[in-house]
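Trainee: Each chain is listed here by its residues.
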Amino acid sequence: MFGELLENVRRNVPLVHNITNYVTVNDVANIILAVGGSPIMADDEREVAEITSKSRALYLNLGTLNTRTIKSMLIAAEEANKNNIPVILDPVGAGFSKLRDEAIDQLLGQVKFSAIRGNMSEIKALLKKGSQAKGVDVQVSDQIGQDNLKSCVEFAKQAARALQCVIAISGPIDIVSDGEVAYCVYGGDKLMSRITGTGCQLTAMIATFIGANPRKVLLASVAAIAMIDICGEQGVRRMTDLDGNASLRNYIIDAVFNLTETELDKEARYETK
Amino acid sequence: MFGELLENVRRNVPLVHNITNYVTVNDVANIILAVGGSPIMADDEREVAEITSKSRALYLNLGTLNTRTIKSMLIAAEEANKNNIPVILDPVGAGFSKLRDEAIDQLLGQVKFSAIRGNMSEIKALLKKGSQAKGVDVQVSDQIGQDNLKSCVEFAKQAARALQCVIAISGPIDIVSDGEVAYCVYGGDKLMSRITGTGCQLTAMIATFIGANPRKVLLASVAAIAMIDICGEQGVRRMTDLDGNASLRNYIIDAVFNLTETELDKEARYETK
Amino acid sequence: MFGELLENVRRNVPLVHNITNYVTVNDVANIILAVGGSPIMADDEREVAEITSKSRALYLNLGTLNTRTIKSMLIAAEEANKNNIPVILDPVGAGFSKLRDEAIDQLLGQVKFSAIRGNMSEIKALLKKGSQAKGVDVQVSDQIGQDNLKSCVEFAKQAARALQCVIAISGPIDIVSDGEVAYCVYGGDKLMSRITGTGCQLTAMIATFIGANPRKVLLASVAAIAMIDICGEQGVRRMTDLDGNASLRNYIIDAVFNLTETELDKEARYETK
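As given, the protein sequences belong to chains A, B and C, one line each in that order. Residue numbering for the first sequence is 1 to 273, as defined by my numbering. Residue numbering for the second sequence is 1 to 273, as defined by my numbering. Residue numbering for the third sequence is 1 to 273, as defined by my numbering.
Chain A extracted, bound-state conformation (with noise of 0.2 angstroms):
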């Protein structure tokens, strides 16, 4: 099921529009282009638009945002929304300051978004105010775990139908929901968060196999999630004694670059609930 939509990535290279964060963004764009897909960077007022008309997908990271950035992220997306060229925001640091606040609740209130991933905190911060709030009443704590895992889904499931699109949680277990059904993909490895960024490679990786699948938006979010959690598990499992953080980034991304279909296939482990 997930090889068929990675093999849809191989064939069409999706060009996938990227208005993201100067700290991660080669990384992003080896990813994207590790999976199969093609990235370009362009983030000036005057073009963005006419950027994500031709491209397959659009991708919002609000890593280091800024007022100039912002409001290039907002054309980009009205364009989108236009052309029905799918949105993936990912939120970085959802709560943790005013500025990103207002920029998400402008994107929110603007942006017709086809799928959100974050951690449970920046999901939990997009909730916090306003018409997002309303009918989601399921509290978590920011740790997904098997104890509070029908909590975390149920919680999953109330956000996506909030902000009507899919929502992906990343954690120790991964929640993608689209308000009716909800994933649970295991695997990947803690050592992950060690690197910068992981975060915005998987939302670019998101977005890529979304701008390949744009009518499975649900089913593409949970592959790039499943090819991610294999992916850095096999690049842990290369890590020799002499192998830190910034040899397993690139294990990762090489791991992307070799994963077949058929082994997305075979080794993504995950539930529905």
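There's no promise every hint is true.
Intra- or inter-copy, both count: the list cannot distinguish identical chains.
[What the hints assert, rightly or not] Below, computed lysine-lysine pairings styled on DSS-like, alpha-carbon distance capped at 25 angstroms:
{"#": "1", "residue 1": "Lys54", "residue 2": "Lys128"}
{"#": "2", "residue 1": "Lys128", "residue 2": "Lys98"}
{"#": "3", "residue 1": "Lys98", "residue 2": "Lys71"}
{"#": "4", "residue 1": "Lys82", "residue 2": "Lys98"}
{"#": "5", "residue 1": "Lys112", "residue 2": "Lys216"}
{"#": "6", "residue 1": "Lys112", "residue 2": "Lys124"}
{"#": "7", "residue 1": "Lys54", "residue 2": "Lys98"}
{"#": "8", "residue 1": "Lys54", "residue 2": "Lys273"}
{"#": "9", "residue 1": "Lys82", "residue 2": "Lys112"}
{"#": "10", "residue 1": "Lys54", "residue 2": "Lys124"}
{"#": "11", "residue 1": "Lys266", "residue 2": "Lys190"}
{"#": "12", "residue 1": "Lys98", "residue 2": "Lys273"}
{"#": "13", "residue 1": "Lys273", "residue 2": "Lys190"}
{"#": "14", "residue 1": "Lys82", "residue 2": "Lys71"}
It is worth saying that the hints were derived from the structure and are not from the lab.
Knowing the structure of chain A, use the given hints to seat chains B and C on it.
Mentor: Showing chains B and C alone in chain A's frame:
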């Protein structure tokens, strides 16, 4: 012949001022250091002229251009021209947006370039309008190969005459011309296109070679291309089954770091047309 | 002694707010993670004060400064000073342009720094004018060596007193002083200068160590330098014939990731003067 030019790079350690995109800027800096130069990145309009005036070459790359950096490029290039410091252009995404085409029009109108490197579609975009179009009547496809090499060579010569500088066109066969002679450079590997910024890095190497060999712009450009082609092949040969584009990125820069003058002379594969 | 300071880093995982250049920012983030801290990058003037107020250290790096980020640095630093959060400066390119010197004047005039790290020519540039120059009468060359170590040590002490903070001067021998004592740290490898941003990374490590040990600014700075020197040597020892500066970059960050507290204590080579 090329070995001597590389020796000049390593003996003189030319300072190269880069106004380039934030996606591949780290690799650009590391490859300039690998080949033997010294990179400096500075893009504020209040300091670029001063930085350029102390440098041996100015490298302009349009990758993530914006209103602010376009202005800085024009200021830096004016200073460079005033002081006979070579200016090298990588017109990333030429033809892909109005902003890029307007920036290119401004740059071509106001700046005397020593060399411009791009792929065929980018170089064709440079020639599409105005005075640049004059005298370029060869029709070529975007793919350079043995079957259309003759017309591509003629195109490169005409482009060099029209743009009044050395033109380097990257492809399965690379073509470099000053309008009189054309060099066809063989080598490289198609896996190189799976790494973000190999083009940006190559143009940075051209700038570094020219910075150390300012009176041999054509040969310096050819030497840089021959070198990246050799190093790209060495990088691919070094790859194990587990390696992908992330490791290959490192292997190519490593190979540039290690390639000797003698090896460059011996392994460069080219012919003049 | 240093091992304990490293243990504090790894136990407390200090959040370090970085306003730094876009060339080496990814390596800065990964080395902060490698040593055991937690990096955050944010440079918009509307959020920097808020981000700084939640951090344990503020790291300012002038690498690709511009009008917008200089303002953000001043705002963030004011907030840091107000809350007794240590501020660490890397004056990249001090003396190389008027813009940098003006920015440095503003920063030195308005901000109380905990530590400043640069090479000898950058530290000398900081002391060239105005009130900073007072009382610094030692003449030293830009190269630190055994032959001029005594005068360099005296210079470092006077610089620390003039600038009223810990001064770390990088070179073949690194000198760190708070104005009273000076530590001479031995180790490292000259190949480290062939990687872009080793200086930026070192200052980030200093900021991380200080963030976790705010009452031991001098020793924390020395510990970070001893650690990068040890890890630089380990990285060079790990290099094969095929490796160059790209692999070395990864090996050094990997070594920082793996170095234990015991190894740091055992392998640090320094003397006090």
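Trainee: Run every hint past the structure and note whether it holds.
Mentor: Evaluated hints:
1. Lys54 x Lys128: between (35 angstroms within a copy, 20 angstroms between copies)
2. Lys128 x Lys98: The answer is within: 13 angstroms in one copy meets 25 angstroms, while 40 angstroms across copies does not.
3. Lys98 x Lys71: both (16 angstroms within a copy, 19 angstroms between copies)
4. Lys82 x Lys98: between (29 angstroms within a copy, 20 angstroms between copies)
5. Lys112 x Lys216: This pair counts as within: shortest intra-copy Cα distance 16 angstroms, inter-copy 51 angstroms.
6. Lys112 x Lys124: For Lys112 and Lys124, the Cα distance is within 25 angstroms only inside one copy (19 angstroms; across copies 37 angstroms).
7. Lys54 x Lys98: between (33 angstroms within a copy, 13 angstroms between copies)
8. Lys54 x Lys273: neither (37 angstroms within a copy, 37 angstroms between copies)
9. Lys82 x Lys112: For Lys82 and Lys112, only the intra-copy Cα distance (10 angstroms) is at most 25 angstroms; the inter-copy one is 41 angstroms.
10. Lys54 x Lys124: between (33 angstroms within a copy, 19 angstroms between copies)
11. Lys266 x Lys190: within (22 angstroms within a copy, 29 angstroms between copies)
12. Lys98 x Lys273: neither (35 angstroms within a copy, 48 angstroms between copies)
13. Lys273 x Lys190: This pair counts as within: shortest intra-copy Cα distance 24 angstroms, inter-copy 44 angstroms.
14. Lys82 x Lys71: Result: close within a single copy only, 17 angstroms intra versus 32 angstroms inter.
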